[in-house]
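Student: Each chain, written out:
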Amino acid sequence: MSEGNFTLDGEDIPFQEGQTIMQAAMAAGKYIPHLCYHPEFKPHGSCKLCTVRVNGRATASCTQRAASGAVVESNTHAINDERRALLQMLFVEGNHFCPSCEKSGNCQLQATAYELGMMSPHYDHFFPNRPVDASHPEYLLDFNRCILCSLCIRASRDVDGKNVFALSGRGIKTRLIVNAKSGRLADTNFSEADKAAHVCPVGVILKKRKGFAQPIGGRTFDLNPISATPHPTIKEG
Amino acid sequence: MDAPTKKLKVATTSLAGCFGCHMSFLDIDERLFALLDLVEFDRSPITDIKHCGPCDIGIVEGGLCNAENVHVLREFRANCRILIAIGACAVNGGLPAQRNSLSLPAILEEIYHAQHGLTHGSIPDDPELPLPLDKVHPLHEVVKVDYFIPGCPPSGDAIWKVLTDLLAGREPELGHGLIHYD
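Keeping their order, the protein sequence lines are chains A and B.
Counting in the numbering used here, the first sequence runs from 1 upward without gaps.
Counting in the numbering used here, the second sequence runs from 1 upward without gaps.
There could be a bad hint or two in this list.
To be verified - No farther apart than 30 Å at their CA atoms in a straight line, the calculated lysine-lysine pairs in the DSBU-like style are these: (1) A:207 x A:195; (2) A:173 x B:135; (3) A:195 x A:173; (4) A:173 x A:207; (5) A:208 x A:42; (6) B:144 x A:48.
In short, the hints are calculated from the structure, not lab data.
Note that the structure is predicted; figures quoted are calculated from it, not measured.
Sequences and hints are given; from them, build the entire structure.
Tutor: In structure tokens, the structure reads:
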């Protein structure tokens, strides 16, 4: 396999033919903020948080193949300002009340916002009305926190072979749905053994009777910022 | 840090909050003495002054859930050169804003009429009571807010960091461990 180098914020990053900028950066221990990217799944390129400038042009680093000699900028004021604005839009579009969320401290959205120094939501809140689905005996779906990253969809389809989840609607009306006539999780073959039960980066797919098991101070991102551990084994519950 | 020649005036208040952020403010402990060398308090639970006069810094805890909250917030904005939203409720509505997906009449009905044991309940309508807002709003949706200290509550250390940064003329910044939303 042929190899090459590109620069990321001035540092040489080696890559192998076929690797994306994100893959090569992660292999080199460099953090590029991201939410919908997960190393075990095909990139979706939708959250746009991993946008970098490659030879001056903005592109998603999770889908862009690394090219020899490319000059890639990621950790700059201008790019991080745009990333912060994307995060702020995610926060106001849903209902993200961290103090009462079981995923707080283990949440990639929250940890990424800490990383980028997001001090306020800036925009006006939508305060949408999204009922939860508590029909399943073991799992709860709280759609209020969904950021449409599609990781559960990819996991259920590509790993579990079940297609339990899907995105429905377009634009601002896009929402996560459950693939059952009733629309309820209880009426699918979703189970705890599914990969889809363990990939949600936020607090949508939650194991019941497990909430707040870890004290504040001992949760994943209490210990280290997300830049130090972009894909840690998230502590559940 | 060079001390300002004149003490800065600071006002604080709690709107639709729980005073938890004020309690956290007291958690700066003996650093309060160092702070008192640099600032004096205008309206605040510490002084019990009822209206905010011209101030350098206004610190507002809690979101906006009724007409009086909006009135007080506007008084703060009109009088304070720098306005700081402190805590989850001020920053994004927080716990009170979790009523926003329900209709206000349905909430009042549930609390004062329908709940078990309330046979003669009635919705309070004393003219002295401020009217509740249809939705709970964070501060920045109504006035310009200059700085935010998120957290439920933010730690005493986070509050100290922002205040000392501001008093020293630096842009406040909270690093890992100090910035948190819960």
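Student: If a hint holds in the structure, say so; if it does not, say that too.
Tutor: Evaluated hints:
Restraint check: the Cα-Cα separation between residue 207 (chain A) and residue 195 (chain A) comes to about 13 Å, which is no more than 30 Å; the hinted pair holds. Our distance criterion of 30 Å between C-alpha atoms is met by residue 173 (chain A) and residue 135 (chain B), whose separation comes to about 22 Å. Only pairs whose Cα atoms come within 30 Å are accepted, and residue 195 (chain A) paired with residue 173 (chain A) is accepted, the gap being roughly 27 Å. For the hint pairing residue 173 (chain A) with residue 207 (chain A), the CA-to-CA distance comes to about 27 Å; that is within 30 Å, so the pair holds.
Taking the CA atoms of residue 208 (chain A) and residue 42 (chain A), the gap is near 29 Å; set against the 30 Å cutoff, the hint holds. About 29 Å separates the Cα atoms of residue 144 (chain B) and residue 48 (chain A), which keeps this hinted pair within 30 Å; it holds.
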